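**Student:** As you go down the protein sequences, you meet chains Y and C in turn. Those letters in the first sequence? Residues 26 to 664, per the numbering used here, in order. Those letters in the second sequence? Residues 7 to 190, per the numbering used here, in order.
It should be emphasised that the hints constitute simulated quantities derived from the structure, not laboratory data. A hint or two may mislead.
[As the list claims (entries may be wrong)] 27 Å max Cα-Cα, derived DSS-like pairs, lysine-lysine:
{"id": "1", "chain 1": "Y", "residue 1": "Lys613", "chain 2": "Y", "residue 2": "Lys595"}
{"id": "2", "chain 1": "Y", "residue 1": "Lys240", "chain 2": "C", "residue 2": "Lys89"}
{"id": "3", "chain 1": "C", "residue 1": "Lys95", "chain 2": "C", "residue 2": "Lys147"}
{"id": "4", "chain 1": "C", "residue 1": "Lys147", "chain 2": "Y", "residue 2": "Lys240"}
{"id": "5", "chain 1": "Y", "residue 1": "Lys613", "chain 2": "Y", "residue 2": "Lys418"}
{"id": "6", "chain 1": "Y", "residue 1": "Lys613", "chain 2": "Y", "residue 2": "Lys572"}
{"id": "7", "chain 1": "Y", "residue 1": "Lys277", "chain 2": "Y", "residue 2": "Lys418"}
{"id": "8", "chain 1": "C", "residue 1": "Lys95", "chain 2": "Y", "residue 2": "Lys240"}
{"id": "9", "chain 1": "C", "residue 1": "Lys107", "chain 2": "C", "residue 2": "Lys147"}
Every value quoted in this text rests on a predicted model; they were computed, and no experiment measured them.
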Amino acid sequence: MVSPTPLQAFSGVQKASKATNKQHLVDGEKMTGAQALIRTLEDLGVQDVFGIPGGAILPVYHQIHDDTKFRFVLMRHEQGAGHAAEGYAVATGRVGVCIVTSGPGATNMVTPIADANMDSVPLVVISGQVGVDSIGTDAFQEADTVGITYPVVKHSYLVTDAQDIPRVLAEAHYIARSGRPGPVVVDVSKTAQVGEMYYSWPQRMILPGYNPTTKPHGHMLHEAVRLFERAYRPVLYVGGGAMRSNAGAQVKELADLTDTPIVTTLPARGIVPDSDPKVLGMPGMHGTFPATAAAQKCDLLVAIGARFDDRVTGDMATFAPSARVIHIDIDPAEIGKRRHTDVPIVGDVAQVLDALNDEIKHDPAIHNKPKLEPWWKLINSWRERYPLPYDDKTPDGTLSPQWVVGELSRQAAPSTIWVSGVGQHQMWASQIVDFENPHSWISSGGLGTMGFGLPAAIGASVGSTRDFGGKKPVWLIDGDGSFQMTSEELAAAFIDNAPVKIAILNNSVYGMVRQWQTLFYEKHYSQTSLRDGENTPDIMDVPDFVKLAEAYGCVGIRARDEDEAKAAIKRANEINDRPVLIDFRVYKDAMVWPMVAAGKSNDTVTYQPGVQPLLDGTTDEGQEDDASRQPQPQTASEE
Amino acid sequence: MANYPASQPTSSLHTLSVLVENRPGVLARIAGLFARRAFNINSLSVSPTERPDISRVTVTADVEQTPLEQIIKQLNKLLHVLKIVDLDKATTVERELVLIKVSADQTTRSDVLEIVRLFRVRVVDVHPQSLTIEATGAEGKIDALLGLLENYGIIELVRSGAVAVTRGPHALSEKGVGSEIRGR
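All chains should be modelled from the sequences, with the hints used to inform the complete structure.
**Tutor:** Encoded structure:
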């Protein structure tokens, strides 16, 4: 007869185990769970925390005092707290931490959690939860936070016993930052917050099901080198994973060793300075033409911490059709998810590339590898013929948004951290800003969260103050639509002294949506006009961004022409004691080019309206390169 | 290139044994993963094991190799999942329990009983208008049995989902899988 055992897999809450759990060792200092929570954060070395208090988390907030070792930044909306923690995490490389209340506090955090999950941002979200006896009774401000966030977290905990708090937080912090980083939710019931426990540090983590692979497999490295030996048209396709692994130097070394061009996805912009001649920019939907074309025409695609997102690949079936693929990623599930991989290498990007670079240096055959001059000749001809297509002048005399971004970049300090919302301005920022440093570009990639910008900029500013003495200024490039989704955080920026500089490219419309309406929806501008820059007799500016900034104690400046814009940017760069907002009035019908329409092949990339170089055959230089080939490398036939 | 959704015409039936920590919400995480990644599964059963701290989930799915790899890799990302084995049919004993209520009156009862005898399954309830049959076996046998009984009219049917265990003296939970869990 099998003895009955508890099957908790079905239940949401742990069964109160009797004797065993109560016999805790009496080692350690006696305190409440709430005290232990704050103490654990201090012992973890957490220096900055974002959040908003509320009923079910009050015992924890009660333990935040003047002598608490971390700075607490009070935001104005839980979503803002989450994005701020993300911005902080990306700028500093440390885990972002938020503390919010139960119910609506936690549900407001779902967007940042999902955003962090898509972009692999290390985040620990501590939320309050009603007392254990009330769980499941639809109590006031009760929400099944762990249940709601299952699909968008790396891991989550519901803590019902005070004694578990230090161990769970230590585990959560470790899980968030190790392996493929991501968000971890710790839902702490009021019972655990007020319960008594014995605190000790350090804690032993119990994670039997968590062993991220960081070291690469030697055999796979050897295979990868063999593919490099035979490649005529290699490309390094570098993604956010390389940034999380801080592998800029390794990527550059690999590119130099193998003479390979680099294309970087949105979150990896700046991993190798844009001034490096090997950097072609961003590939994909709104990538630069040379980057998109190089990825499409390559015969060896080396994906480094990248995940073949549909915005990069376009139609997957026709993406880089003749390429062999080496895929380096710390998450084994990314390998083979969207594209067949010839050489999979699971491991931490920096460690893998160190080992791979070593292997390449010591490989005699690599010196006989094909010369890449024809490939570079082709790429350079693309660069010459197809630079970023935009005009500095606009038909109606308003500012050109691309020119504004260019001017911001020209005037900014080289150490600037750039942040963006989501929309046209984000693409222009990514295309035009001159990124010279890694970790200096913070944007919402995978989830594409409008409203990400301002709170993330505040988080970056807090991080800049912490790590760089505020020496790295933070510029937020935002759209008027995106900005209005979280503009309440101007209060936090002013009061908590986060002197961000905000450039609003104000075109009075949801520009990216309008661009799609222009191109694909018969110019039916359904609900995309914000009319906030339209000064008609009926409608004055709503909102007036200058007045809005001033209402929050910030400096507001308006710029309608290039002279005003130059002066405004200069003035903004000189103000460092408070946030500055510039309302740039830009051309409503400016479009982001180049473009690959959603779901279409990257072969159809439109450089500017009516010009599709990869289809037109205007890139026939490619033929020379094919003809000059030596024995046929094993490529196209096998795909 | 991966082809989704997971179930394709050229697929084959796989049985996955998944050892998980016996903790709150594990099943919700696994079920949610299948749902959001659009993995179609045939059956799923979960039960305690010889160790109170470990539960065992048996999943059967009709999938091709590439999506199967994705299922395994994505399951592995769940921290409560300790071990996943794609069981080899040749070295595995697989069973499923089925309860079948068949319509059977005086004229057909003996025919149904003959089928019961041939398949070595058992009758667990008799009523003037029905017979309830308990059958265990691998999926093929159950399907064959159901095919025959269909002619008499199946009133009600419930299947437990497959469970499976490898042949020989070893356990999947050997080699200290999750040996640390106890300390929790």
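**Student:** Next step is simple, just say for each hint if it's right about the structure.
**Tutor:** Hints, one by one, checked against the model:
As the CA atoms of Lys613(Y) and Lys595(Y) are separated by approximately 25 Å, the hinted pair is consistent with the 27 Å bound. Under the criterion of a C-alpha separation no larger than 27 Å, the hint pairing Lys240(Y) with Lys89(C) is consistent with the structure, at around 21 Å. Between Lys95(C) and Lys147(C) the CA atoms are separated by roughly 15 Å; this keeps the pair inside 27 Å, and the hint holds. Using a Cα cut-off of 27 Å, the hinted pair Lys147(C) and Lys240(Y) is violated, with the two alpha carbons roughly 47 Å apart.
With a CA separation close to 13 Å, the supplied pair Lys613(Y) and Lys418(Y) stays within the 27 Å bound. Only pairs whose Cα atoms come within 27 Å are accepted, and Lys613(Y) paired with Lys572(Y) is accepted, the gap being roughly 22 Å. This hinted pair does not check out: Lys277(Y) and Lys418(Y) have alpha carbons roughly 36 Å apart, beyond 27 Å. Pair hint Lys95(C) plus Lys240(Y) does not hold up; C-alpha atoms about 33 Å apart against a cutoff of 27 Å.
For the hint linking Lys107(C) to Lys147(C), the alpha-carbon distance of about 17 Å falls within 27 Å, and the restraint holds.
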